[in-house]
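**Student:** Which chain is which? The protein sequence lines are A and B, in order. If you're matching positions, the first sequence starts at 1 in my numbering and goes up one per residue. If you're matching positions, the second sequence starts at 1 in my numbering and goes up one per residue.
Honestly, the hints are just simulated from the structure, not real lab data. Don't be surprised by glycine CBs; every beta carbon is placed ideally from N, CA and C. One thing to keep in mind: the hints can contain errors.
What the hints assert, rightly or not - Among the chain B residues that face chain A by a calculated CB cut under 7 Å, a handful are:
1) VAL28
2) VAL31
3) ALA142
4) ARG165
To be verified - Pulled a few chain B residues facing chain A out of the computed Cβ check, cut under 7 Å:
5) LEU139
6) VAL150
7) VAL153
8) GLY156
9) VAL157
10) GLY160
11) GLN162
12) VAL276
13) GLY327
14) LEU330
15) LEU335
16) ALA336
In case you want the letters, here they are:
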Amino acid sequence: MDRLVFLLATGVARGAVFALFALSLVIVWRAARVVNFAQGAMAVVAVFVAFGVTAATGSYWLGLGSALLTGAVLGVVVERGVMNHVPAGNPLPGMIVAIGLVMVLQSGLGMLFGPQHRPMAAPFDERPFQVGGVPVLSPYDVFVLVVAVVVMGVLALLFTRTSLGLQLRASAFAPEVSRLLGVRVPRMLTIGWVLSSAVAALAALLLVPTELGLNAHSADMLFVHAFTVAVVGGLDSPVGALLGGLVVGVLMTLVTGYLGATVAPVAVLVLLATVLLVRPAGIFAAIEARQA
Amino acid sequence: MNRVLPQVTGTPRILLGGLALAFLGIAVTFVLDPYRNYQLAIVAAYFCATAGLSVLVGLTGQLSLGHAALMAAGGYGYALAASLVDGMADGGPGTSGDEGTSVVRVLAGLAGAVVVSGVLGLLLGLAGARLRGPYLAGLTLALVIALPAVTAVLRGVLGGDQGLRAPYEDVPPALERLVALEQWHAWIAILAASVAATGLVLLRRSRAGLQMRAVHGDETAARLSGVPAGRVKVVAFVASAVSAGLGGAVLCLVTQSVSPGAYSLAFSLLLVVAAVVGGLGSLGGAAVGSAVVVLLPWLIESVTTALDLPADLQQRLSGNLAVLVFGALLVVVTLAWPGGAAGALAARRAARSQQPPLTER
Numbered sequence: 001m002d003r004l005v006f007l008l009a010t011g012v013a014r015g016a017v018f019a020l021f022a023l024s025l026v027i028v029w030r031a032a033r034v035v036n037f038a039q040g041a042m043a044v045v046a047v048f049v050a051f052g053v054t055a056a057t058g059s060y061w062l063g064l065g066s067a068l069l070t071g072a073v074l075g076v077v078v079e080r081g082v083m084n085h086v087p088a089g090n091p092l093p094g095m096i097v098a099i100g101l102v103m104v105l106q107s108g109l110g111m112l113f114g115p116q117h118r119p120m121a122a123p124f125d126e127r128p129f130q131v132g133g134v135p136v137l138s139p140y141d142v143f144v145l146v147v148a149v150v151v152m153g154v155l156a157l158l159f160t161r162t163s164l165g166l167q168l169r170a171s172a173f174a175p176e177v178s179r180l181l182g183v184r185v186p187r188m189l190t191i192g193w194v195l196s197s198a199v200a201a202l203a204a205l206l207l208v209p210t211e212l213g214l215n216a217h218s219a220d221m222l223f224v225h226a227f228t229v230a231v232v233g234g235l236d237s238p239v240g241a242l243l244g245g246l247v248v249g250v251l252m253t254l255v256t257g258y259l260g261a262t263v264a265p266v267a268v269l270v271l272l273a274t275v276l277l278v279r280p281a282g283i284f285a286a287i288e289a290r291q292a
Numbered sequence: 001m002n003r004v005l006p007q008v009t010g011t012p013r014i015l016l017g018g019l020a021l022a023f024l025g026i027a028v029t030f031v032l033d034p035y036r037n038y039q040l041a042i043v044a045a046y047f048c049a050t051a052g053l054s055v056l057v058g059l060t061g062q063l064s065l066g067h068a069a070l071m072a073a074g075g076y077g078y079a080l081a082a083s084l085v086d087g088m089a090d091g092g093p094g095t096s097g098d099e100g101t102s103v104v105r106v107l108a109g110l111a112g113a114v115v116v117s118g119v120l121g122l123l124l125g126l127a128g129a130r131l132r133g134p135y136l137a138g139l140t141l142a143l144v145i146a147l148p149a150v151t152a153v154l155r156g157v158l159g160g161d162q163g164l165r166a167p168y169e170d171v172p173p174a175l176e177r178l179v180a181l182e183q184w185h186a187w188i189a190i191l192a193a194s195v196a197a198t199g200l201v202l203l204r205r206s207r208a209g210l211q212m213r214a215v216h217g218d219e220t221a222a223r224l225s226g227v228p229a230g231r232v233k234v235v236a237f238v239a240s241a242v243s244a245g246l247g248g249a250v251l252c253l254v255t256q257s258v259s260p261g262a263y264s265l266a267f268s269l270l271l272v273v274a275a276v277v278g279g280l281g282s283l284g285g286a287a288v289g290s291a292v293v294v295l296l297p298w299l300i301e302s303v304t305t306a307l308d309l310p311a312d313l314q315q316r317l318s319g320n321l322a323v324l325v326f327g328a329l330l331v332v333v334t335l336a337w338p339g340g341a342a343g344a345l346a347a348r349r350a351a352r353s354q355q356p357p358l359t360e361r
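This is chain B alone, in the form it adopts within the complex (with noise of 0.2 Å):
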């Protein structure tokens, strides 16, 4: 990987490659149709929420099941945010359908996104700082069981359980000829994915990503060294929710809605299953994990309609069927490797540059 660039280093090179990546991302949007723009736009908000959550888990050892509320949080602030300056653009002389206006709508959406998410992070690593195995999981289990309930007490802000609308983004008039509107965002889904992805890598190799790693090590022999255990906690929890926040707000601005319903208990392992498959503390693994589970369960449906199936057992097998491949995935990965695709992938490298066993002498 070293070799293209070589003089340029640190900081400055992850940027680039943050910068490159969302290029090439750009430029695939143009080989592929709407509908796989669509999936790609998909896969980048999941790959956000899954970055998010892997290198959460990777780096201090906390496991959330409560990622999904997270996503949520961004789609809700995402939906708030972008709706109030939809309201403030009507009453003024600009259309909505304005170019400037969507900009700003966009990204008022994005930052309310942030705030929202980073807020319920900070709750909860506050709490996670405290915590440590089962209990955390335990407490984000119960906060994403909770999430319909929050939603439907807070009716008058959130909509209960028919969730809010988003405001529609058109493709910008300068754009028109060239894009298509699901080409359109995606360009933003990976825009907003990359963002995230450079700051988690930034934050994995600064200070704070080393004493993260001392913490999960052992958590005692950080402390004595000096590492404050648990602002180091809080902090790799809010830049997992602000990374998963980000995630749901591009899935509110794709979908153009946000609520609980989409957001349960069954979404967040699927985040789990992305995290663990693609390998825990790695990138590029949440990116692999996040394609495996946006396309294995269409691919599953794509077969099992196209088998003939009677009606009844068709009805069955949808989504379960890809349920119980993930779950018996996320069992085998655990079991047979820990590292997931990643980690197989940085094995077999590793055996490969190995010098040859010295068997004459």
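Chain A extracted, bound-state conformation (with noise of 0.2 Å):
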């Protein structure tokens, strides 16, 4: 019972992350049709960054600024400098651009920094409080869950009550009315994929300290998690990303705990196809067009 406790307690500050991550690749997709398979990549860059300067300045603070200062440039340059020149109407040459980038970065940061796994530290302690005797969440999760919490409440304001939001949503649903309406679309697109990029550098700068610790290949299972996660909700759904995270967290983590670790893929695997088999288009997406 303890342990079960435990266990939830964990899986749901290891959802928070994925959710975060999920809804980063929501964002994207919701910007941009795009599903950024390089998300993961371009995420573990900025966790270098905010590696490098942690170790420079001594101040984590400082680490987790330049590393969302460092996801939204990424963010630029990444949809200015490529993403922008795919053709569109087709999401095939998007996904395989994306694909070349996971390889030219992760290859980069792998002639940069070896193939060795550096133990990042975390800001507050990782020893669980006791609650009752019962250990729960530690200082740290706690940390992870209110940064979670509070970056996906300033999102929704940002979506729902700004009226950067109101164009952000707008040039998505409707780029030419957006248009001539007047929206500066491009600029819209370019700010999706900083927010995107920036909320998944922070996602995988909260889950690094938490794993074996920083390598150009960190984030290709929180990649795998949080795109799980986007499906279970649906691409189209923040809600579902949210909810879809927790699930997919406290899933694995009952099942890394009593299953243990090795069966933690197959599991991500068999609720991934079941999910898609069930509801193909997640479960709380929207129908989109009759197909026939």
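Hints are included, so try docking the two chains, each in its own frame, into the full complex.
**Tutor:** So this is what it looks like as structure tokens:
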């Protein structure tokens, strides 16, 4: 029972990170109709920058800021430099170009920093609190949860309550009409990439201290988990990403806790296949168009 | 291309062409040294998988990031079936070095590879028929990442991280004086590759191939015209998976082992690079692409070794530099030459055969 409570609590913290990363996939999907397979690799670049800044200045918070900044800059560079030139109307070239980016970024990081895992310190204690003798969440888990909730809240406010959010949503749903009404659609696209890539960087930065360490491939599994989350929730639904994140996080932690870490990727595969076969466009997706 | 034997057309022509290419390949093995023959066998194995992937993406637009897992399925199918035949032969009167058992063993292994990769391909195809765009790519990505975990869970059958060993295939006694071991393996690889390629060409020009192009062009319109879109996609995926499985079987035969470590995500992405660089949908392009992904890393490795760099730098460059080049190729080819090598060639040929513009009247 103690173990179950502990695993559930850890699963929620882990799920918050998955949800955050999945949210970044949802943002860029809604803005550009691209599943950015390079999101994980881009986020790891940002985490490497944060690692360097933290090592140089000794401040975790400067590292966090630099990760967000790097993520945002990478978003602009990737969107303006590469994705903007991909022919539209067919999802295939975008996916292939993103895969090319993954290879370039990961091998570049591998060349610069080598294959070893660099341990990354968390800003707070990672030993769990005891509640009535039962270990529950560590201070770091609480920090992760708080950051995730705050970021999601800010994003929700941005998208639903501000003029910028309205323009972002409008240019995603009806680019032609928005342009006629004076929305700068290309700029909105870039802003979508910036938001998405910064949020992804944050999620990866939050995850890495709880994992093996920092390496060019640190976010591979995070991407697969987050993709699963985004699919479970539907790529179009931010609420779906949040709920899906919690479900996948708790499920993965339970599987890892009770059946062992080797089984976890199989569990992801089974979950993904099941959801895709039952609801091919995700659980929270609206029907887009009739397919005959 | 139609100048040779113009009276033979249709399916016989394709079969003849496949046979001719196989003989040409076998003839080439006589002028290569053993290491080149080994590389040729690897290229042929990669070609099987790349051709399957290229036809799948080019004809139906389904992007699979999991073809390495399908190759692994073929490799495991080969190792299991060949070991089974080996075990039965050891119990019987014949020795395992017997020429007859060797052929039966290889054929049984290839059949095992076809069955295992075909079944996995069928399952993925059934999922793929319902999915569009990024969803199938994500599912196959999860599959290839879960491969080590799957082999660990099924440790009893698939041998966990260590993988399985396949029986050693020596040169048959009748050919011992004529060919070396690597050359014999290259022969098997070339034959498997030509069978796979011929099958894919036949599929591409069949009714099913036409339906695949229709579904790729506009699925809704195709369905309204009575094309069973789901079934067409499943057929494409199974054909592609069997071709990849043959490649995995050849790789298993040549290296005598199959393990999950060899079929990582990086390898899967390498197959995507080969298919895209060669030109999606083109088999000739797949041959070019698979030669590029086998030979370029080897070339880069040779150059960096020759440059006499510090050991630390060399270790960092090893492997990574090739992946960097491939990633850049993937981006550049997709943006600048969407047809890949085959597309660029076809465009040049079209430009040359075009009538000169009518400037003077």
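**Student:** Run every hint past the structure and note whether it holds.
**Tutor:** Against the structure, the hints come out as follows:
no., hint, result
1, VAL28, "31 Å, violated"
2, VAL31, "34 Å, violated"
3, ALA142, "5 Å, holds"
4, ARG165, "22 Å, violated"
5, LEU139, "6 Å, holds"
6, VAL150, "6 Å, holds"
7, VAL153, "6 Å, holds"
8, GLY156, "14 Å, violated"
9, VAL157, "15 Å, violated"
10, GLY160, "9 Å, violated"
11, GLN162, "14 Å, violated"
12, VAL276, "6 Å, holds"
13, GLY327, "3 Å, holds"
14, LEU330, "3 Å, holds"
15, LEU335, "5 Å, holds"
16, ALA336, "9 Å, violated"
In this structure, the earlier hints numbered 1, 2, 4, 8, 9, 10, 11 and 16 are contradicted, and the remaining ones agree with it.
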